[in-house]
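Chemist: Protein chains in written order, with the working numbering: chain S, 1 to 354; chain P, 1 to 354.
For the record, the hints were derived by calculation from the structure and aren't laboratory data.
Among the clues, some could well be false.
No distinction is drawn between identical chains; accordingly, a pair holds when it is met within one copy or between any pair of copies.
[To be verified] Straight-line distance between alpha carbons at most 25 Å, and here's what the computed SDA-like set of lysine to any residue pairs gives:
hint	residue 1	residue 2
1	182	148
2	341	311
3	341	102
4	341	128
5	323	155
6	226	21
7	323	179
8	98	242
9	20	31
10	20	110
11	98	30
Protein chains: 2
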Amino acid sequence: MEIAELGEFGLIRRLTEDIKPENPSTVKGVGDDCAVLDYGGPNRVLVTTDMLMEGVHFDLQYTPLRHLGWKSVIVNLSDIYAMNGMPRQVTVSLALSKRFSVEDVEELYAGMQLACQAHHVDLVGGDTTSSLTGLAISITAIGEAKAEDIVLRSGAQPNDLVCVSGNLGAAYMGLQLLEREKSVYYQQLREAGDKKDEVQFQPDFSGREYLLERQLKPEARRDIIKRLRQAGIHPTAMMDISDGLSSELMHICTQSHTGCRVYEERLPLDYQTAVMAEELNMNVSTCALNGGEDYELLFTVPLTFNDQVSQLEDVKVIGYITKPELGCALITRDGQEFELKAQGWQPEGLRPKD
Amino acid sequence: MEIAELGEFGLIRRLTEDIKPENPSTVKGVGDDCAVLDYGGPNRVLVTTDMLMEGVHFDLQYTPLRHLGWKSVIVNLSDIYAMNGMPRQVTVSLALSKRFSVEDVEELYAGMQLACQAHHVDLVGGDTTSSLTGLAISITAIGEAKAEDIVLRSGAQPNDLVCVSGNLGAAYMGLQLLEREKSVYYQQLREAGDKKDEVQFQPDFSGREYLLERQLKPEARRDIIKRLRQAGIHPTAMMDISDGLSSELMHICTQSHTGCRVYEERLPLDYQTAVMAEELNMNVSTCALNGGEDYELLFTVPLTFNDQVSQLEDVKVIGYITKPELGCALITRDGQEFELKAQGWQPEGLRPKD
Numbered sequence: 001m002e003i004a005e006l007g008e009f010g011l012i013r014r015l016t017e018d019i020k021p022e023n024p025s026t027v028k029g030v031g032d033d034c035a036v037l038d039y040g041g042p043n044r045v046l047v048t049t050d051m052l053m054e055g056v057h058f059d060l061q062y063t064p065l066r067h068l069g070w071k072s073v074i075v076n077l078s079d080i081y082a083m084n085g086m087p088r089q090v091t092v093s094l095a096l097s098k099r100f101s102v103e104d105v106e107e108l109y110a111g112m113q114l115a116c117q118a119h120h121v122d123l124v125g126g127d128t129t130s131s132l133t134g135l136a137i138s139i140t141a142i143g144e145a146k147a148e149d150i151v152l153r154s155g156a157q158p159n160d161l162v163c164v165s166g167n168l169g170a171a172y173m174g175l176q177l178l179e180r181e182k183s184v185y186y187q188q189l190r191e192a193g194d195k196k197d198e199v200q201f202q203p204d205f206s207g208r209e210y211l212l213e214r215q216l217k218p219e220a221r222r223d224i225i226k227r228l229r230q231a232g233i234h235p236t237a238m239m240d241i242s243d244g245l246s247s248e249l250m251h252i253c254t255q256s257h258t259g260c261r262v263y264e265e266r267l268p269l270d271y272q273t274a275v276m277a278e279e280l281n282m283n284v285s286t287c288a289l290n291g292g293e294d295y296e297l298l299f300t301v302p303l304t305f306n307d308q309v310s311q312l313e314d315v316k317v318i319g320y321i322t323k324p325e326l327g328c329a330l331i332t333r334d335g336q337e338f339e340l341k342a343q344g345w346q347p348e349g350l351r352p353k354d
Numbered sequence: 001m002e003i004a005e006l007g008e009f010g011l012i013r014r015l016t017e018d019i020k021p022e023n024p025s026t027v028k029g030v031g032d033d034c035a036v037l038d039y040g041g042p043n044r045v046l047v048t049t050d051m052l053m054e055g056v057h058f059d060l061q062y063t064p065l066r067h068l069g070w071k072s073v074i075v076n077l078s079d080i081y082a083m084n085g086m087p088r089q090v091t092v093s094l095a096l097s098k099r100f101s102v103e104d105v106e107e108l109y110a111g112m113q114l115a116c117q118a119h120h121v122d123l124v125g126g127d128t129t130s131s132l133t134g135l136a137i138s139i140t141a142i143g144e145a146k147a148e149d150i151v152l153r154s155g156a157q158p159n160d161l162v163c164v165s166g167n168l169g170a171a172y173m174g175l176q177l178l179e180r181e182k183s184v185y186y187q188q189l190r191e192a193g194d195k196k197d198e199v200q201f202q203p204d205f206s207g208r209e210y211l212l213e214r215q216l217k218p219e220a221r222r223d224i225i226k227r228l229r230q231a232g233i234h235p236t237a238m239m240d241i242s243d244g245l246s247s248e249l250m251h252i253c254t255q256s257h258t259g260c261r262v263y264e265e266r267l268p269l270d271y272q273t274a275v276m277a278e279e280l281n282m283n284v285s286t287c288a289l290n291g292g293e294d295y296e297l298l299f300t301v302p303l304t305f306n307d308q309v310s311q312l313e314d315v316k317v318i319g320y321i322t323k324p325e326l327g328c329a330l331i332t333r334d335g336q337e338f339e340l341k342a343q344g345w346q347p348e349g350l351r352p353k354d
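Turn these sequences into a full structure, and let the hints guide you.
Modeler: In C-alpha cells, the structure reads:
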C-alpha cells in the first residue's frame, strides 16, 4: 500500500495504535504536541521532536542557514508551549553533506543558539553525522509543566470558544513570495543563455518583509502562554498551528469528540498577507486555513472566559466548539457552511487545496 | 574550512565550547553519552539522541527493515546503559522517500517495537515526514538513574582497570562480509550482461551467522549494567563502544585527564571474527580497536575491584589507566607500544586504518 493512500495521520495512527506504555513514568505517549512523563519531580516532563529535511521543509537556495537554525529550534519549542509548558533543553542532530563548510555549520548553530537564548533553553547534546544527500536536522525539546497546568488536545467541550493568537497565512505567503522570486531568477538565467554569469538578480521583497520574516524566522508564542497565565485563563484544549488552522482544528475536535464552527470573517489576517494573496490570485481564507507554518497557538476556553479572552492582546476568538454530530465547518462571509479538511504533509510538499 | 579538517570530534568541540547552560535543571550538557537533567524527582533524567542516514549508517540492499528498526533503537538505549542508567522512553522520527510502502514502514516499526519490548521501553512520540532522497531515522532515548549511580566518561583514575564487555570487531567483520557478498552479486550481474534476470545469487554466509547478527542485530548491554550492580561494582568511568575501542578509550582518557595501556593479547575476540579477518587479510587487532558498532561497554574500575571484576561473566580486563603524560597506547604481543588514535566518522564512511 502506498503511504499517500493513508496520509501522514493515517500512517501514524496505523503504526502507533497497538502501542501500550508499560512504564509508570509514561503519562501520555503518542498523540499530542508532546509526550508527558512523570519522573517523580514536582513538574511533569514534556518531550517533543521534529525533523526538517532539505528539499521538503526548507530550500537552501533562499533560506539563510542562521534563519534555518533559528526556525528548527523554534518549531520544537512551539510544541512545548502548546502543552502550556516551558521549554528547558534541546538536543540537536545534524546530518551534513560534503558541501557544508565548518563556517556553514557555525552559521546554522548560531541561529540555533539565538533561539535557545531567546527562550532560555540549553542545548545539551545531539549527534553530528554525514549525509550522502541533503541536510537533515532533527531536534528534540524537553520542557516542564505542573501536572494541573498541562493542556492536551482532548479537553475541548461544546460551547467553548475557539481562540487563535497572532494572524494566519503569512508564513505561507512568505513561502509563495520566495518561490516566485526563485522562479523569476531561473527564468532570467534561462533567457541569458551563455551570458548566465552576467545576470544580476535582485529579488523584489519591498513591503513584504513581514511575510518573509514569518516564513524564515517564525516565533514560538511564549508570550501568549505567559499572558494566559497572568489572566488566569486555563485553556481546555490547545495545540500549535504547524500544518494549518483547518488541520489542527480537526485534531482538537477528533480528540475531544466534538465539532466546531469558525467564522471566515474572524480569521486573523495581516494586511500584507491579504495583498499578497490578491496579487497571486489566491483565496486568502484558504491560505489562512491551510497555509501552515504559522506556529501560532490554537486553543479553546470555556464560554465564561469570554470577557477575559477578548481583552487579551494578540488573541482572537474565531468560533466555538459544538457537539460532535455537527462536524467541523467554516461559516463563510455569506453564511454558508463548508466542511473543514485535515491535510498533514503531502509527498510533494505543502500545497493548500481550493 | 572543510569539515574533514576538524573531524567529527573537532567540529563538535568547536560548535559547543561556548555553550553555557542557564537552567538549573541542566546538570550535564554536551560531552558524554547522555545529557543529565534534574527535574526534581528522586532520579536524574538521562537524554541521548542518534541519527541514522541511509547510505552512511546502513545499506538497504542488505539490511532488512526489521533489523534496521531494532538497531536504531538499540544504539540509543546503549547510550543510556553507558551512563549506568535504565532507559524508559524513546521518540522516533522518520523521513521516508516515496519508494517506501506502508508495509515497509510497518516492518521498520516492528523492529523498533521489538527492541522497545526487550528493554521495557515505551515509544512515546516522534515525527513522520517525507524525504526527497534516502531514509533518515532519528531517535531520542530518555532514561533515569540515581544521581550517585551515574557514571561519566571523566571519572577514570590512574591505576584503575580498563574493562570491556563481550568481544570486539565482530560487527565490523559482519559489515565486511555483507559488502563482499554485495560486490560478488554485482560482479555476477555485470558478467551476465543481457541475461541479468537469470542471475540466481545466493550469498555465502554459512558459519558466519554470528558476525551478521552483530552487524545487523546488535544488543545493548543491559545485562552487564545489572551484573555490575549485583556485584557491587561502581565503575569510575564508562561509555559504550560505537566508534571503536581505540576512539572511546581516547575519550575516557581525555575527559578523565589520564593515559592508558591496553594489551593486544587481552582484546576479546570471537573465533569467527579472527577467521574472517584472516580470510580478508586484515589485522584482527586493528578490527577490534577501530571497527566500531560493537555496542559493548567500556569501563574502568578501581584496582581494588580486581577480584570482583575478574569473576564477572562476559567482562574482560584489558589494561589499566595511567597518568596523562604517558599517553594512550596499545602494548602489542611482542611488547611494543603503539599510540592509540581516535577516529570518529569519516565522510566516506567507516574504514579502519592499518
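Chemist: Confirm or reject each hint.
Modeler: Okay, the hints, checked on the actual structure:
1. For a Cα distance limit of 25 Å, the shortest separation of residue 182 from residue 148 qualifies neither inside one copy, at 48 Å, nor across copies, at 56 Å.
2. When the C-alpha separation of residue 341 and residue 311 is checked against a cutoff of 25 Å, the pair qualifies neither within a copy, at 30 Å, nor between copies, at 64 Å.
3. Taking the shortest alpha-carbon separations for residue 341 and residue 102, only the inter-copy value of 23 Å comes in at or below 25 Å, while the best intra-copy value is 44 Å.
4. Taking the shortest Cα distances, residue 341 and residue 128 sit within 25 Å of each other only across copies (20 Å), while inside one copy they are farther apart (38 Å).
5. In the homo-oligomer, the alpha carbons of residue 323 and residue 155 lie at most 25 Å apart inside one protomer (13 Å), although the nearest pairing across protomers, at 60 Å, exceeds that limit.
6. Only between protomers do residue 226 and residue 21 lie at most 25 Å apart by alpha-carbon distance; the minimum there is 23 Å, versus 32 Å within a single protomer.
7. For a Cα distance limit of 25 Å, the shortest separation of residue 323 from residue 179 qualifies neither inside one copy, at 41 Å, nor across copies, at 60 Å.
8. For the identical chains of this complex, residue 98 and residue 242 are inter-copy neighbours only, at 22 Å across copies versus 31 Å inside a copy, given an alpha-carbon limit of 25 Å.
9. Only within a single protomer do residue 20 and residue 31 lie at most 25 Å apart by alpha-carbon distance; the minimum there is 13 Å, versus 33 Å between protomers.
10. For the homomeric pair residue 20 and residue 110, the shortest alpha-carbon distance between copies (14 Å) is at most 25 Å, but the shortest distance inside one copy (40 Å) is not.
11. Taking the shortest alpha-carbon separations for residue 98 and residue 30, only the inter-copy value of 24 Å comes in at or below 25 Å, while the best intra-copy value is 35 Å.
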